Each structure stands twice: as structure tokens, then as C-alpha cells.
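**Q** Sequence:
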Amino acid sequence: MATADEFSKEMDQLKKDFASLRNDIGSVLASVKDLAEKQGQNVADLAQDAEKTVKNQAKEAGENMEKYIEERPLTSALVAFGSGFIIGMLLSNRR
Numbered sequence: 001m002a003t004a005d006e007f008s009k010e011m012d013q014l015k016k017d018f019a020s021l022r023n024d025i026g027s028v029l030a031s032v033k034d035l036a037e038k039q040g041q042n043v044a045d046l047a048q049d050a051e052k053t054v055k056n057q058a059k060e061a062g063e064n065m066e067k068y069i070e071e072r073p074l075t076s077a078l079v080a081f082g083s084g085f086i087i088g089m090l091l092s093n094r095r
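Under the numbering used here, the sequence shown has 59 at position 59, and the numbering climbs by one with no breaks.
Note that these hints are calculated values from the structure, not bench results. Keep in mind that the hints are not guaranteed to be accurate.
[To be verified] Lysine-lysine pairs mimicking DSSO-like chemistry, simulated, CA-CA at most 30 Å apart:
1) K33 x K9
2) K33 x K15
3) K67 x K55
In this text, all values refer to a predicted model and were calculated from it rather than measured experimentally.
From just these sequences and the hints, can you work out the full model?
**A** Take a look at the structure:
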């Protein structure tokens, strides 16, 4: 049978083990938190890059359309008129 001294030593060792475990868990949680923050920042950076790309593409498309209209005003007017006419016909046939 274990003596009181042996029991006390085992309890002290158990307390040390739990303290060590608590520190290890704290370290793991801190690492997980840091990783999550980094991943969140990466996602935010990717979203900003995508936003810039879309804005640049839209701006470029608008500039190309303006250039086309300036170079071919009659063709552009006829295309706009034709598109409006077709859409109007389609919408009037739905009634």
C-alpha cells in the first residue's frame, strides 16, 4: 500500500503535469489564433486584389466603348437604335 509520502509525491507530479499541459494548450491556442489572423489577412488581400482587377477591367471596357463610339458614331447610333427597337418589340409582345 502506498504511503502518505508517496501519495504526496504523486500528487505533486500530477499538479506539475497539469500545469505543463495547461501551458501547452495555451501555446497551441495562441498558434491557432495567429494562423487564423494570417489567413484572414490573406483572404482580405485577395479580395482587394480582385476588386482592383474588376475595377480596372470595367474602366478599360468603358474606355474601349467610348473609343469605339468616337470612331464610329453612326454605327454606334444604329446599334443602339436597333437594340432598343428589338427590346421594345420583345417587351410589347409579352402583353
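**Q** All hints, please: hold or fail.
**A** Hint by hint, here is what the structure shows:
1. K33 x K9: Not satisfied, since the Cα-Cα distance of roughly 36 Å exceeds 30 Å.
2. K33 x K15: 27 Å, holds
3. K67 x K55: 18 Å, holds
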